[in-house]
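S.K.: Now for the letters of each chain:
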Amino acid sequence: GESVGLHLPTLSVQEGDNSIINCAYSNSASDYFIWYKQESGKGPQFIIDIRSNMDKRQGQRVTVLLNKTVKHLSLQIAATQPGDSAVYFCAERPGGYNKLIFGAGTRLAVHP
Amino acid sequence: EAQVTQNPRYLITVTGKKLTVTCSQNMNHEYMSWYRQDPGLGLRQIYYSMNVEVTDKGDVPEGYKVSRKEKRNFPLILESPSPNQTSLYFCASSFADRVNTQYFGPGTRLTVL
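So the sequences go chain by chain: A and Z. Anchor point for the first sequence: position 74 equals 74 in the working numbering, and the numbering is continuous, going up by one each time. Anchor point for the second sequence: position 9 equals 9 in the working numbering, and the numbering is continuous, going up by one each time.
Hints in this document: simulated from the structure, not taken from any laboratory. A hint or two may mislead.
Derived lysine-lysine pairs resembling DSSO-like cross-links, with alpha carbons at most 30 Å apart [claimed, not checked]:
#, chain 1, residue 1, chain 2, residue 2
1, Z, LYS18, A, LYS99
2, Z, LYS71, A, LYS42
3, Z, LYS69, A, LYS42
Looking at chain Z on its own, in the form it has when it is part of the complex (with noise of 0.2 Å):
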């Protein structure tokens, strides 16, 4: 089943403890991408990658880090989390030339205390 995963579903945690989201799809897509989602707010894009080793900064990527080392794996990385990123997480993935199709994966609850 063509699918975007991602792990842990849910997770709580506190201030300064490094975390990693994983995300993986397996449609061969080039394009991958990190949301956060807050009320009110809908969508924010964190950071994206075109393809292996190309990754570039969205609307509010102060705070996190990512990699993309393969082309199925795009793992969101929380240095030091802080409360204000308390949200639920999204990954997406898409075929370059088709950015506007994205699937999405479950989402992550994310609890910083």
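Isolated chain A (complex conformation) (with noise of 0.2 Å):
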């Protein structure tokens, strides 16, 4: 399959372990900072978004949370299984553009 990122930080954790993976962002002015998952061989997958003007959202198993002061947006995984294995990579949206800017991502891998 396709994959790339050999030399990605990595983040290891138990099977059952809450997962949390971090990202600094750089542009101020983004509306929307955008969370996907990527694994071995495919393409990158949508997980959740959270707007500008909040600090949590969360979903099914997994919760955004932005911290605008320090420029810092982290992607809490409970109860991590294998099969959340992959490459994550966090994404902002430009204020005013139809565009996203990737960051270079985190490989998760799940120990049994």
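Got two chains here, separate frames each, mind docking them using the hints?
M.R.: So, in structure tokens, the structure goes:
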């Protein structure tokens, strides 16, 4: 399959633990912040987004936190499962633009 | 099945030989986009299109062309490929008011010798 990211930072967690993946962003004028998941050999898949005027948003087993003061975004995954093993990308959408700017990604490795 | 398809999935070519990577979606999406993915750099946007006959440059458009003559298709054209265009390419689509939620194709691995 197709995959990239041989030198990505890696987060290793035990199955059942909670995972926290962090991301620093640069553009204070971004309207949205988004998380994507890329499994080995596949294209990225949307997980969740958060508008810049919010500081927390919850989905199914995932929570995104936004700290605009320090330009920090995090994705929390509850009760991590082997199927969560993937590369996770944060992305930002600059205000007024119909484009996404992706970060370099973090690899999540879930161990039984 | 709702999907984004890309062809070819793998391509090895030589410098200067024009090539086209096709992208098609069956979800009636207005927005389509091309990205390249390189180790340590994440995904970088090449071009995007808000609708038929409307295209805009992304962050790394040099050396690439696109066209959007039909809503479902968004081909990526490399007129004169060079080795620095060796990469993994992804096509994506979404509704115009849901650009955050893009659906990605399976990727095309391009090697330019």
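S.K.: Run every hint past the structure and note whether it holds.
M.R.: Verification of the supplied hints:
The suggested pairing of Z:LYS18 with A:LYS99 holds, with an alpha-carbon distance near 27 Å, which does not exceed 30 Å. Note on Z:LYS71 and A:LYS42: the hinted pairing holds, with a Cα-Cα distance of about 24 Å set against a maximum of 30 Å. Restraint check for Z:LYS69 and A:LYS42: satisfied, since their Cα atoms lie roughly 27 Å apart, inside the 30 Å limit.
Hint compliance for this structure: no hint is broken.
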